[in-house]
Amino acid sequence: RAQEKIRVAVVMPSTKSDLAFSQSIVDALLAIQEERGEDAFEFVYSENMFVVEDAATALRDYASQGYDLVIAHGSQYGSSLADIAPDFPDTAFAWGTTVDTFRDQGITNVYAYEARSEQGAFVQGVMAAMLTKSKVIGIIGPIETGDAKLYVDGFKAGVLWQDPEIEVLVNYIQSFSDLALAAAAADAMLAENADILTGTAQMVPGAVNKAKEAGALWFGTQANQTSLAPEIVVSSQVYDWTVALNPIIEDVLAGEIEGEAYSLTLENEGLRIEFNEDFELAEEVKATAEEVIQAIIDGTISFEIDEEGVLTVVEAEAEAE
Amino acid sequence: MIGDLITASVLASGIRLATPYLYAALGETFGQRSGVLNLGVEGVMLMGAFTSLWAVHEFTPAGATGYDAGALAMGVLVAILVGLIMGLATAVINVTLQAEQGISGIGIYLFGLGMSDLLFQKVFGGNVVTVNGFPKVYLPVLSDIPVLGEIFFRQNLLVYFAFALVPVTWFVLNKTTLGLKIRAVGQNPEAADAMGISVARVRYFTVTLGGVLASLAGASLSISLVNVFQQNMTAGQGFIAVALVYFGSWRARGVMFGALLFSLVNALQLQVRTKGIDVPDEYAAMAPYVLTIIALVFASQRIDQPAALTKPFERGE
Amino acid sequence: MSTSSDERKLLPTGHERIDHLEMRGIVKRFPGVLAVDHVDFDVRAGEVHALLGENGAGKSTLMKILYGLYQANEGEIYLNRRKVTIKSPSDAIALGIGMIHQHFMLVPSLTVAENVALGLKSSREPLLDLDVVSARIEQLARTYGLQVDPSRPVWQLAVGERQRVEIIKALYRGAALLILDEPTAVLTPQEVDDLFATLRQMVQDGHALIFISHKLHEVLAISQRITVLRDGRVVGSVPTAQATKAELARMMVGREVLLTYDVPPVEPGPVRLKISGLRASSDRGTEALRGIDLEVRAGEILGLAGVSGNGQRELAEVIFGLRPATAGSVLLDGQDITGKSPAELNRLGMSYIPEERMLDGVIRDFTVAENLMLQEHAQRPYSYHIFLNPRAIAQRCANLIRNFNIRTPNQETPIKSLSGGNIQKLVLARELAREPSVLIAAQPTRGVDIGATEYIHQRLLEQRARGTATLLISEDLDEILALADRIAVIYEGEIVGVVDRAQAQVETLGLMMAGVRHETAAG
Amino acid sequence: MPPNLFHSPRLDRAIDALMPLIAVLLALLVGGLMIVLMNANPITAYRGLWDGAFGSKNAVADTLVKATPLLLVGIGICISFRGGVVNIGGEGQMIAGGLVAVAIGLGYKDADPTLVIIACLVGSFVAGAVWGGIAGVLKAYFNVNEILSTIMLNQIATFGMMYLVRSEFIDPRQKGAAAPIPETERLPRQFDLPRIGGALDDLYRWLGLSGEGGTQWGTTLLHNGIIIALVLAVLVYVLLWRTTVGYRIRAVGKNPRASRYAGIPVRRYMVLSLVLSGGLAGLAGGIQLLGVRHRMNAEGGAIAFTGNAGFNGIVAALFGGLHPLGTIPASILFGALLVGGNKLQRTVQVPSALITALIGLVIVFVVGSDIFVRRRSRRRVTVSVAEATEAAEVRASP
Ligand SMILES: Nc1ncnc2c1ncn2[C@@H]1O[C@H](COP(=O)(O)OP(=O)(O)OP(=O)(O)O)[C@@H](O)[C@H]1O
Ligand SMILES: Nc1ncnc2c1ncn2[C@@H]1O[C@H](COP(=O)(O)OP(=O)(O)OP(=O)(O)O)[C@@H](O)[C@H]1O
Ligand SMILES: [Mg+2]
Ligand SMILES: [Mg+2]
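Residue numbers (this note's numbering), protein chains in the order written: chain A, 1 to 321; chain B, 1 to 317; chain C, 1 to 523; chain D, 1 to 398.
What the hints contain is simulated information worked out from the structure, not anything from laboratory work. All of these numbers come straight from a predicted model, not from anything done at the bench. From the three backbone atoms N, C-alpha and C, an ideal C-beta is built for every residue, glycine too. A couple of the hints might just be wrong.
Said to hold, decoys possible - Partial list, derived from the structure: chain B residues whose beta carbon lies under 10 Å from chain C:
no.	residue
1	T177
2	L178
3	V297
4	A299
Said to hold, decoys possible - Non-contacting residues of chain B with respect to chain A, defined by C-beta distances greater than 12 Å in every case (computed):
no.	residue
5	D117
6	L148
7	S263
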């Protein structure tokens, strides 16, 4: 029972314009709407759903209002989704960021999407390693889990892969909203004469400005952060969720909901490294970056995470021996 | 080992972190000394944070690369204005309408939390904007003193001003007729009233002043510490500021010590983790909160809480 | 300050005198009370007009209206024949009216000078000019014999000193008319004499004074005219010259009042309360008790005389487990009870009527019933396990209210709207109803009208007859001489002597209270 | 004089009761302007608010579920405020409760559900009580002001929770994941608090109302936590006004000195007030966990789990006049506001910030309006006195 019009609802933890996690999904939906047209693609959102209980209510409400695709854009919404999805077998749900579609619980109408942000992080890490003069690089994260952990570990791996000598300072400040604390963390790193910083989540703008004052370089992620400080941002890893959303939408339109998991990778261009044009980047650095990207795409460089969540870089050459 | 943790730069950054607490807590001190508890500080801070950033952004000439003194002045001015309005509103609610100060504060907090974000989205479409905030000002001579120079005398104007406020507050409270009225009204409004003092007028003044300072606290974040605005960027600092007033047992100096202790420990715990010393991040983050309590347990307790704190005054009728 | 050039009309304070002030047809209603009911009242320069009346008669209310603290529902006020409206204390102050409030209106945490300077224009606004103020205070102190140290914080002052601060505050503001609401309630005889000296001085200078007291001899001693209120109405106004105690008492209470009682002899029983070598320190850390030895026998009232602030309060608190003893012991029927908690002492049948009743004796926001149950609530039949038994409680309260005739609309009235005399009765009722074996009564009749005073004294004598050992702490020598079997005098934390009432004379006691030891009667 | 027909006490009391509602309406009016400024239609917006709160059985259920922790925290606040201590630590106490509950639940997966549920609830109460008790002891024995300590303890609890959930308590299934989610395992379903919708439907059927209003209660998320809360509200009322313990708590709250003179161990009762109110907040956490969340998650910090009930409960209690029974309608009203607010956002797509500001306005207006109620009641007594006296005078004159 195919259809041509589709109504999508998304529930997200922070504001739709946080220049980070929540904004990335809204941008994707806008892009899709752009492409398919207002009347073929309609979407609504609930933002600032920090309170999981409220998010659950919203999800349930959207489903019962007959939206075709209901997106729970936040890993904390998982358990609620597992409770709700079975009550609405004809509705498609999507949950990010994760790979879990609740198949093991016999649920078939939940899609999952995640970003292998360690890939882009690795690439940016390599660039950072080549650009640093002080041989000190700082990474700021919110809490040591999920997407943030992936990015931080990837970036660190990239740096060390390029130059094991470099000192990498990591700091999870335990807050998603405290810009002052992020700034102070940046201060601490700059004081250790770090000359390159990066970070993930909503509170990083605080750190970006410290980098700007100190003339250190910045790598962004989740969204293009060039606008924050055009003079110091080298590049940003940008998530393009359309890569995951489009196939889901096709399924919904075709009326055959399978509930699969999608990952954004450099390969499928769900992850893109967007360079800052205003920043003149040394050619060889850019070249190396492109090589690494290619290497990751055709799998000669890949990443494994073990039980303890430790990320290790696996190189095909090594295996060939 | 601990030696290379406590570096000049850590102390300097601790002092910077202390500034918003200082503004907010000193403002709250005035209010509480006159008998009014205002839990709404956080909300006013957010309003001040956004509006001042807006003003700086608005009045910075297009294409300006560095900071613009005029724009920064406007930023502070607007913050003061907004603080004035929020403060007056608070006074109307708590003094004239004699509202239960516990709740009215929470109401003001939620209003500020929402309103600041709303304006942010209305004005900037919610897009993060950065401005060129207050630049560091190296005080001549002083800033060249080894170590101390870096710690104290290479900060920006809003930081200096915050610390200048400490002696000013002490002076106003203890050396002026106004201060005398404030202390009397907070301790025994009936007596003050019987001496022909308008309890309401005094409280209007202190609460409004508290609003202005809270608003400046916000500005000291958005146009001096981090130079951007985001919804809920104060992340609970307003409530900590209120707590610090109790820590300092209603004295300017005590409040300053509290703010410094809290912020220095915070800077230090960040340093600890930057150094990669292996403590769970969460425990490190806990440190300032735990230590503030412990410090108070061992601090010699000379509590003289304003006797009329949170008690609305109405002449026996 | 006045600009009148006519020197004769000016007071030493430089303020214009108030030749005549008149209140006409004043009516004031409070929720549930008609406090003042069409009262006419007037006072002239150079006279003391005394206002008498039972607790709750409306004296304070009438005066608070004159001072602008309350607004009258009806009636006018005329100053020098000119109609004036007084909306707030500042209006009153501007007109040259000052008031010494029954409950001190001072800020404890501030110094004397600060309290005086409060609300005044400073000579160097916006800065304080405490030095100037202090100088002026000392000047006034000399003119009117009011010794105080301007730099001391008020919380460190004894009540007498606080009283002086209040007067200085009024004089400083150039009060031409001064209202004194029960100024002597908390003063020792010596302090009263000093106060009267000051008042006479003021009258000479042409001040107009309104004086409220429950002590008839004071009224007779200081005033030229006396007006008596009852239930908010004027029952009479007489020149002091023609007034007698008995007559005034009848006017106030509406019946004959015993002004002296015959104390039936009671054979003292065994020693109930034995205090030996007791030492303790005050709130300020200074040593308040320096080795107290006392014995109180069953069926005996031991009066403890002394100028307030010589350790009376500390002694009572140590005995009752509210303040730690640094040395010495307290024995109850031979059992050591030093440092036991008030709860235990209650159980052991000890009872304490605190001096600061508004603060320590009652909970202002609680109802009459709730206040009556402060100790007993946890005992059967008033509660089973943790559950209160409303019926039993109501029962008991009804009885107490009747037996001690506490004037209250009903049991559920918050006591804060009772008149102080009645609050005092309530505390007394609560403590005596428990028929304690040892009773510590501190200033039991302070601020209480004569009717109630008589009544309370009778009760104390009843207890005595019942065999209660009573420690009566009082600054009112008349009270002590009227009730006590033996009289101990305390001075600077030491007992300077114990005398039987038989040999007691006011003079010797007065000397002892000033610290002169009394060899002959080393109890 | 003839009895005044226009001065009926019943009417007066009605107006007093309405006063808060009038205030709410005024606030919504102001909010309406804001909504217009955000170029949305206030009518639709407020219909959304209403529908979200009471529009359907599901809505009502959501409102009640939201009100449950507010009520539990609120009645705890009644105790502490009556006892003269300000407990701003509800957030931390809820988290403590939730943590212990999840620990117990996961520790005894195969035990008898009823027992485990009871153990979890008791455990959560104890945890909250301990967390509140710390502030109590600090106040009573080290005179550390409780406002300060509770604010600090909230943060400490939050960080502690984040640590445990990320390390010790983390769901084994997350261990291997590329991007592990910081959350515990979900409690076994048999530990979910029983839903009471079904029972309600039976009741409807029994009343012959079956099928009324489309959807059945059975499908709603209404769990029996609300019943626990309501029962406890009554118990707290009894405790405060019908027992010696409550009497002492109130006495200490009103006048510690006099209480001490009367032989009440003041410090112990200070601690007790905080222990009890902390315990109730902890229980709120436990019920939130067993009834709604079923697992702890570190993302989004405290509020993700508590939904700010630790603070909002204070508001509910004060709206309820610090009276446990008054807190019941207050919590429901406040819960409705929160649930409806989110629905409002969904209906007209205004930023959530607007709703936050709106709720702030409502709170301010309601507390601001309270004075008029007090004034009126005072005037009322005086008036009646005046009449009484006049009457007396009339009688007096021949
Ligand atoms: N602010 C008030 N509110 C309600 N009732 C009051 C108030 N002030 C006084 N009353 C009542 O008015 C009556 C008169 O009180 P008032 O203080 O004038 O008595 P008083 O003559 O001063 O008694 P006392 O000798 O104890 O001082 C009393 O019944 C008292 O309870
Ligand atoms: N605002 C008020 N509300 C209710 N009652 C009041 C109020 N102000 C005073 N009262 C009561 O009215 C009575 C008269 O007030 P006043 O200040 O004269 O004290 P008082 O009766 O003389 O008490 P005391 O004899 O202990 O000094 C007091 O007992 C007081 O409790
Ligand atoms: Mg009086
Ligand atoms: Mg009296």
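Hint-by-hint comparison with the structure:
no.: 1; hint: T177; verdict: holds (5 Å)
no.: 2; hint: L178; verdict: holds (6 Å)
no.: 3; hint: V297; verdict: violated (22 Å)
no.: 4; hint: A299; verdict: violated (19 Å)
no.: 5; hint: D117; verdict: violated (7 Å)
no.: 6; hint: L148; verdict: holds (16 Å)
no.: 7; hint: S263; verdict: violated (9 Å)
Hint compliance for this structure: hints 3, 4, 5 and 7 are broken, all remaining hints hold.
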